[in-house]
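S.K.: Heads up: the first sequence is residues 0 to 465, going by numbering that gives the first Met the number 0.
Please keep in mind that the hints were generated in silico from the structure rather than gathered at the bench. You may find that some hints are simply not true.
To be verified - Below are the PhoX-like pairs computed for lysine-lysine, each with C-alpha atoms no more than 20 Å apart in a straight line:
(1) Lys175 with Lys185
(2) Lys284 with Lys314
(3) Lys87 with Lys157
(4) Lys74 with Lys249
(5) Lys215 with Lys270
(6) Lys87 with Lys185
(7) Lys215 with Lys13
(8) Lys87 with Lys74
(9) Lys74 with Lys270
These numbers were taken from a predicted model, which means no experiment stands behind them.
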Amino acid sequence: MTDIYLHNTLSGQKERFIPMDPDHVRVYVCGPTVYSYVHIGNGRPAVVFDTLTRLLRSAYPRVTYVSNITDIDDKINAAAAEGGESIKDLAARYTEAYLQDIQTLGVIPADVIPLATHHIQEIVSMINELIDAEFAYVSAGHVLFHVPADPEYGSLSKRSLEDMVDGARVEVADYKKDPKDFVLWKPSSPEQPGWDSPWGRGRPGWHIECSAMVKKHLGETIDIHGGGADLTFPHHENEAAQSRCANASKDYVRYWLHNGMLTLGSEKMSKSVGNVMTIRSLSQKHSGETLRYALLSGQYRSSLAWSEDLLVQAKSSLDSLYQSLRGKDHQETSSAYANLALGAYPQSVVTALKDDLNTPRALAAMHELGAALRRAEDEEARNQARSALLAGGWLLGLLGQSPDEHFTAGDAQDSLDAQQIEALIEARRQARADGDYAGADRIRDDLAEAGIELEDSRDGTRWRRR
RNA sequence: GGCUGGGUGGCAGAGUGGUGAUGCAGCGGACUGCAACUCCGUUAACGCCGGUUCGAUUCCGACCCCAGCCUCCA
0 MTDIYLHNTL
10 SGQKERFIPM
20 DPDHVRVYVC
30 GPTVYSYVHI
40 GNGRPAVVFD
50 TLTRLLRSAY
60 PRVTYVSNIT
70 DIDDKINAAA
80 AEGGESIKDL
90 AARYTEAYLQ
100 DIQTLGVIPA
110 DVIPLATHHI
120 QEIVSMINEL
130 IDAEFAYVSA
140 GHVLFHVPAD
150 PEYGSLSKRS
160 LEDMVDGARV
170 EVADYKKDPK
180 DFVLWKPSSP
190 EQPGWDSPWG
200 RGRPGWHIEC
210 SAMVKKHLGE
220 TIDIHGGGAD
230 LTFPHHENEA
240 AQSRCANASK
250 DYVRYWLHNG
260 MLTLGSEKMS
270 KSVGNVMTIR
280 SLSQKHSGET
290 LRYALLSGQY
300 RSSLAWSEDL
310 LVQAKSSLDS
320 LYQSLRGKDH
330 QETSSAYANL
340 ALGAYPQSVV
350 TALKDDLNTP
360 RALAAMHELG
370 AALRRAEDEE
380 ARNQARSALL
390 AGGWLLGLLG
400 QSPDEHFTAG
410 DAQDSLDAQQ
420 IEALIEARRQ
430 ARADGDYAGA
440 DRIRDDLAEA
450 GIELEDSRDG
460 TRWRRR
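Produce the entire structure from the sequences given, and follow the hints as far as they go.
M.R.: Right, here's the structure in full:
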């Protein structure tokens, strides 16, 4: 028995994770709507659930991880109209960009990355089932889910139907039987994207795509469903209602997991507020690994204050791990430790992750492993400690570069290439040998000016870019 | 207003009924020609007020403050 504990939004508590089928764990995570470049807040669930998947894969023989992309949405339509681009092209372009961006963050692609527009048939048939079972009705070209028909509605987001009426910001439309009813299908005008359906040409509402794609790719009941905390209501509440009512199975999702929001300033990072930082722009200045470290530096359910200082600290912390690994003839990366059994990973890191994915504690464990490596007395102890650190790095999706790559990899903007640097180091060595310390220091200062720091040791001088 | 979650050292961020993580930064020392790297040591915290307790940052209650959701949102 693997004792992984996860906080389940449904119960509001940490629960022991017991998969429905221990031979096959099923995970679904909500991806973004692709109408522009995604921001780092969108990267958080990608990184968090990637880390969870790494843990699950080492604990269970088979894990199917599905993460969708919403490529049909009115915001996409609007963005396309504004840019004079076809909706299809725009969505395809930003889908591709999103996949690149999360790869930058060290995310292993999900097993299945379904697109809403590829599942119209499944969506239509699920809506039909809901109509047949009288949970949904047709009205003025729309199909609506009738919220009061589902006695369990509100169980996920913990709100009563009365609360929602009080909130009173639900869209009231005269074609709705109840103000809380939400759209499963809506009519499209000729210039809007649409598909033929029993209710005329139209397009799906937001929530139904996930219900349909989960069912198609994972089945009627799944183990884990993840996503941002801001999706709990209404998206996941509605999705759960649809699936519960359309499927024969009573259980839709056994464990609902929600990651907290990133904040920028004192406010949630959000496109509608306008305070976003795209992964694309951040990765101009910071490595994807630094961004990932920063994302993992907070426990996933807490909100995390994004700032330049956070990134500076993440970079320094990451450098310290890589510094531990540095050494001649040691260019192994964490990928050498991919997909091992759980017992093969350092237990301090595993224990932290098994406790509701406590990544800050896991990182603390990594630093302890790093310190142990730096202090190791002999070659055997060093090799053992190095392996432990790299293995832990795999679980967290870190240390995927060799130490030398990490410290010396440059780009076209750098004023000096490795060859020039090595030549200057040799000149400095000569100067020091000649007792010309002023000359030697001048070279070191010049290099520092160019962003190159030297580290002397008995084995010679090595260098790193700042 | 309702429903969640939270307030820990300069910063980030774990955790615990009594020995007070971890990282970044700081300080002292070792190493070094001097530095950097590294090592050793070290400063410093638990929103506020009550209660329970031999003892609370950790449990209970009130209060203050913050964030999220209640509309599109990761």
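S.K.: Hint by hint, say whether it matches the structure.
M.R.: Hints versus structure:
For a cut-off of 20 Å, the pair hint linking lysine 175 to lysine 185 stands: about 12 Å separates their Cα positions. The straight-line distance between the Cα atoms of lysine 284 and lysine 314 is roughly 11 Å, inside the 20 Å bound, and the hint therefore holds. Proposed proximity of lysine 87 and lysine 157 is contradicted: the alpha carbons are some 37 Å apart, above 20 Å. Restraint check for lysine 74 and lysine 249: not satisfied, since their Cα atoms lie roughly 34 Å apart, outside the 20 Å limit.
Taken as a hint, the lysine 215 and lysine 270 pair is broken in the structure, with Cα atoms around 31 Å apart against an allowance of 20 Å. A threshold of 20 Å between alpha carbons decides the hint, and for lysine 87 with lysine 185 the separation of about 19 Å falls inside it, so the pair holds. The hinted pair formed by lysine 215 and lysine 13 fails the criterion: a straight-line CA distance of about 29 Å is larger than 20 Å. Only pairs whose Cα atoms come within 20 Å are accepted, and lysine 87 paired with lysine 74 is accepted, the gap being roughly 13 Å.
Distance restraint check for lysine 74 and lysine 270: the Cα-Cα separation of roughly 12 Å lies within the 20 Å cut-off, and the hinted pair is therefore satisfied.
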